[in-house]
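Protein chains in written order, with the working numbering: chain B, 1 to 304; chain D, 1 to 350; chain E, 1 to 249.
The set of hints was computed from the structure by calculation and includes no laboratory data. A hint or two may mislead.
Stated by the list, open to error - Heads up, simulated DSS-like pairs for lysine-lysine below, C-alpha to C-alpha not over 30 Å straight-line:
1. E:Lys177 - B:Lys16
2. B:Lys209 - D:Lys182
3. D:Lys345 - B:Lys85
4. D:Lys345 - E:Lys138
5. B:Lys207 - E:Lys177
6. E:Lys125 - B:Lys301
7. E:Lys177 - B:Lys221
8. E:Lys226 - B:Lys298
9. E:Lys243 - B:Lys289
10. B:Lys289 - E:Lys226
11. E:Lys177 - E:Lys138
12. B:Lys85 - D:Lys344
13. B:Lys301 - E:Lys138
14. E:Lys80 - E:Lys117
15. B:Lys301 - E:Lys147
To be verified - One side only, chain B facing chain E, incomplete, derived with CB under 7 Å:
16. Tyr14
17. Gly136
18. Val167
19. Thr253
20. Glu293
21. Ala300
22. Asp303
Claimed, not checked - Here are some of the chain B residues that sit facing chain E, going by a computed Cβ distance under 8 Å:
23. Asp39
24. Gly40
25. Val164
26. Ser191
27. Tyr252
Predicted, not measured: the structure shown is a model, and the values here were computed from it. Using N, Cα and C, we set each Cβ at its ideal position, and we do this for glycine too.
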Amino acid sequence: MNDIIEIQGITKRYSKLTALSQVTLSVPQGSVFGLIGPDGAGKTTLYQILTTLLNPDEGTATVAGLDVVKDFRRLRTVIGYMPEKFSLYPDLTVSENLQFFASLFGVGVNENFDLIAPIFGQLEKFPGRMAGALSGGMKQKLALSCALIHRPSVLLLDEPTTGVDAVSRSEFWDMLAQLKEKGITILVSTSYMDEAERCDRIALINKGKILDVDTPQELIKGLDKNLYNASASDMYPLLEALRRLPGVDDCYTFGATLHVATRDGFNPAEAILDLRRQGLADARIYPAKGNIEDLFIKLAKNDG
Amino acid sequence: MSTIFQSLIKKEVLHLVRDFRTVTVVLVMPVVLLLLFGFAISTEVNNVNVAVVVERHTDETRQAIDRLRANPYFTFCGIATHSEVEELLRKGKVDAAVVLRTENGKLTHQIIVDASNTTMAQTSTAYIESVISNSSAGVPVVANTLYNPQLKSAYHFVPGIMGMIFILICAMMTSVSIVSEKETGTMNLLLVSPVRPRTIILGKLVPYFLLSCIILTLVLALSYTVLGLPFSASVVNVVWVTILYIVLALSLGLLISTIASTQVAALLVSGVMFMIPVVLLSGMIFPVENMPLPLQWLSCIIPARWYISAMRVLMIQQLPVGYVLTEVSVLLGMTLAVLALAIKKFNAKK
Amino acid sequence: MMDNMETVISVNGLTKQFGSFTAVDHITLQVGRGEIFGFLGANGAGKTTAMRMLCGLSYPTAGGGTVAGFDIVSQAEEIKRHIGYMSQRFSLYENLTVWENLNLFATIYGMASKDIKSKAEEVFKTLGMENMRNTLVKEIPLGWKQKLAFTAATLHSPDIVFLDEPTGGVDPATRRKFWEMIYRASSQGMTIFVTTHYLDEAEYCSRISIMVDGRIKALDSPARLKEQYCAATMDEVFRIVAKDAKRSD
Chain B
1 MNDIIEIQGI TKRYSKLTAL SQVTLSVPQG SVFGLIGPDG AGKTTLYQIL TTLLNPDEGT
61 ATVAGLDVVK DFRRLRTVIG YMPEKFSLYP DLTVSENLQF FASLFGVGVN ENFDLIAPIF
121 GQLEKFPGRM AGALSGGMKQ KLALSCALIH RPSVLLLDEP TTGVDAVSRS EFWDMLAQLK
181 EKGITILVST SYMDEAERCD RIALINKGKI LDVDTPQELI KGLDKNLYNA SASDMYPLLE
241 ALRRLPGVDD CYTFGATLHV ATRDGFNPAE AILDLRRQGL ADARIYPAKG NIEDLFIKLA
301 KNDG
Chain D
1 MSTIFQSLIK KEVLHLVRDF RTVTVVLVMP VVLLLLFGFA ISTEVNNVNV AVVVERHTDE
61 TRQAIDRLRA NPYFTFCGIA THSEVEELLR KGKVDAAVVL RTENGKLTHQ IIVDASNTTM
121 AQTSTAYIES VISNSSAGVP VVANTLYNPQ LKSAYHFVPG IMGMIFILIC AMMTSVSIVS
181 EKETGTMNLL LVSPVRPRTI ILGKLVPYFL LSCIILTLVL ALSYTVLGLP FSASVVNVVW
241 VTILYIVLAL SLGLLISTIA STQVAALLVS GVMFMIPVVL LSGMIFPVEN MPLPLQWLSC
301 IIPARWYISA MRVLMIQQLP VGYVLTEVSV LLGMTLAVLA LAIKKFNAKK
Chain E
1 MMDNMETVIS VNGLTKQFGS FTAVDHITLQ VGRGEIFGFL GANGAGKTTA MRMLCGLSYP
61 TAGGGTVAGF DIVSQAEEIK RHIGYMSQRF SLYENLTVWE NLNLFATIYG MASKDIKSKA
121 EEVFKTLGME NMRNTLVKEI PLGWKQKLAF TAATLHSPDI VFLDEPTGGV DPATRRKFWE
181 MIYRASSQGM TIFVTTHYLD EAEYCSRISI MVDGRIKALD SPARLKEQYC AATMDEVFRI
241 VAKDAKRSD
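With the rest of the complex left out, here is chain B (with noise of 0.2 Å):
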């Protein structure tokens, strides 16, 4: 498969914060690539680098073999983006929105309508809706749609998914794995870790870096081991207690459990018995299926 964004060592500062460093990436053609991180990881400045709204300090980035310096104006044409929040015009009506962002294309609506008709089936229902009158999942649907409109190859989608419910979340990546099958390449990023299980494949990236990148399934490879479920009627008491045992690397809530993470030689048995001795009478500890989640939580300690 060949890429279709790369991208080779891209730093980025703002005076003295240095909001990327050192990124190198490659999303695949025709995938669905999770860019997954917390709130002021840089993933925004990297859509704004992509979509040629900043200029990198260094390194170079290509989008479909266009250079994002140097090739910018034809670059335009091949992605669609959308920004963080559903940027549309709140005064203008649903087909106003669409015409219009059509029209900066030079395209007509009916053109790709195809494209965008599973998406904005719901919306035909109110064509003369004004943009701001509607409902949070609707924005994000007409923003989607306005996106989509000129056939972009590449879709860049800034956290698209902040602040929607679990509900619309999953619907929304229904959507995006239809749009995969029509050949369109999505770079995504999101700060909800569950979500990287949708994707093909993750780059995980906090304070600027890229700590891995892989699929979801050979990142999480390797992370059971040595990671135990701990329950008890009292969690509160049993974090504390587990955090002081020995062969404990870590010990978070993960659910309605605790995750711990430990070092080669732990003894779960031993360790029900020392809890159990604390006071801690139903204390439970079993092995656990490792998720994104603790995986990233075991980088960004790594990484400081």
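Chains D and E: place on chain B using the hints.
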């Protein structure tokens, strides 16, 4: 490209049409300001209540009283005695009193005036003086007020109001509309599209230019009809100099939008940085010639100063363009400089 | 809520209408002292409106109840003194120092200045923030900001603290440290009323309510909810309960 440009314009027009309140304010404000300054607020002296004290009636005193009576600016309040004058003035029944004496067959006069309003006092003294001494012996002074024979204050204010309105509307509205797109993030989408920055800029400026032209038509129509400014061929010059000034104001708005990152900041910058100097330093209210030197220098960088002074020459004096070459070239230079700077800043990547 | 628990929030049939739109539709719930109560719901379900009524910021159209022992209609001002509120992540003034922020919020909540001083010193020590006292908030790392925001909302030892999506966009490690603070506060008897979009965080709560279209559709402990809906995680529970939502914000 033309269709992109058209849709940019169409979008901007839609914004304006849907923001009905703002557009109404923008269209109504110039009209209200013109009427307000033209009629209500006036430095002309009208209806001055005058009492006359006559020591001995003669033909001359009678003539003087008749002239006062006949003059539309005065309301004759009757004959009073010396002792009553102070009382009348204190109670505000009269604004001025004229004491007529005949000494050695010659009429002399004294004017007693309520100077709590200095403008009123000075002007009415001068009026009374000219009315009384008109035919009295002595040296008659013939004042010939050129260009504004009736000293109508509307003449003085129209150029000032135009200087203010266009800066306000063009600079403020353009900057706020661009900055609001920055705030909602749509500006980034425009910049990321293949549309060239200069097309985006033109798409913003042209609608506001057209709006300003509508306002200009409105202002001129009012000035030449209701306010009765003398109409002549010089209106052509008025129009094109104003258009130059509008372009300058639009460029200033563009420049503000590249500096300000929020709508509030844009409003403050265009309000504080432009409005206040325009009102205070442009010569709209206070004559530039009366200012201390440093302020006079400062006023040189205020576009409205040059525009207003050009408008006075073109609209009131109705002189040919040759008389305002300095003003026009300063405005032109400012426009080019501001526009170049604004476009450079607009295009700059961080 | 366990039967022997002291109740700190008790509302009955709480309703809020905006014209013909019923934002909150007869919600009834009790929260006990020291509980961590997760207030979940889809976008536009009416969570914010309900929270505003509980905080005494908005009057109910119908129904009523008490918060921290005060009536939400007639004693709204008293309620405000006995609760803490932290919205999103940064309800702090970036251009003030750590100490200035704490002092400001404590004063707003009506603490006496000598109490503020001693309490703040105590907190600085427990959190290990002693050397950050005079640092501008904008210069301290995100994790500290969160701790500080929580501290600012709780320095006056309120009975209940309301947290409105306190962890959105925060990295997993920081998010967990924040929850440890919540645990600690709860173990000291403070009631925590929290909204979140992270459903793993819902698992940390003692009890959960899920709002759909203005009504409370589910209310129980995470374990019992999972049992009831035959789900493995709270995420699944939420999807089942909220899937029929008609409204979105």
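Here is what the structure says about each hint:
1. E:Lys177 - B:Lys16: holds (27 Å)
2. B:Lys209 - D:Lys182: Measuring from Cα to Cα gives roughly 28 Å; hence the hint holds.
3. D:Lys345 - B:Lys85: holds (25 Å)
4. D:Lys345 - E:Lys138: holds (28 Å)
5. B:Lys207 - E:Lys177: holds (18 Å)
6. E:Lys125 - B:Lys301: Holds, because 24 Å separates the two Cα atoms, which is no more than 30 Å.
7. E:Lys177 - B:Lys221: Given that 30 Å is the threshold and the Cα spacing comes to 26 Å, the pair holds.
8. E:Lys226 - B:Lys298: holds (29 Å)
9. E:Lys243 - B:Lys289: holds (27 Å)
10. B:Lys289 - E:Lys226: Holds. Lys289 (chain B) to Lys226 (chain E) sits at ~19 Å (cutoff 30 Å).
11. E:Lys177 - E:Lys138: holds (20 Å)
12. B:Lys85 - D:Lys344: OK: Lys85 (chain B) and Lys344 (chain D) at ~27 Å, within 30 Å.
13. B:Lys301 - E:Lys138: holds (23 Å)
14. E:Lys80 - E:Lys117: Distance ~22 Å between Lys80 (chain E) and Lys117 (chain E) Cα, so the pair holds.
15. B:Lys301 - E:Lys147: holds (19 Å)
16. Tyr14: Cβ of Tyr14 (chain B) sits 14 Å from chain E, so the hint is violated.
17. Gly136: Hint on Gly136 (chain B): holds, closest Cβ of chain E at ~5 Å, below 7 Å.
18. Val167: It holds, given that the least Cβ distance between Val167 (chain B) and chain E is near 5 Å, below 7 Å.
19. Thr253: holds (5 Å)
20. Glu293: Holds, because the Cβ-Cβ distance from Glu293 (chain B) to chain E comes to roughly 5 Å (cut-off 7 Å).
21. Ala300: holds (6 Å)
22. Asp303: At about 11 Å, which exceeds the 7 Å cut-off, the nearest Cβ of chain E leaves the hint on Asp303 (chain B) violated.
23. Asp39: Since chain E brings a Cβ to about 4 Å from Asp39 (chain B), closer than 8 Å, the hint holds.
24. Gly40: At about 6 Å, which falls below the 8 Å cut-off, the nearest Cβ of chain E leaves the hint on Gly40 (chain B) intact, so it holds.
25. Val164: Constraint on Val164 (chain B) satisfied, holds at 6 Å.
26. Ser191: Holds - the Cβ of Ser191 (chain B) comes within 8 Å of chain E, reaching about 5 Å at its closest.
27. Tyr252: Holds. Min distance 4 Å.
Hint compliance for this structure: hints 16, 22 are broken, all remaining hints hold.
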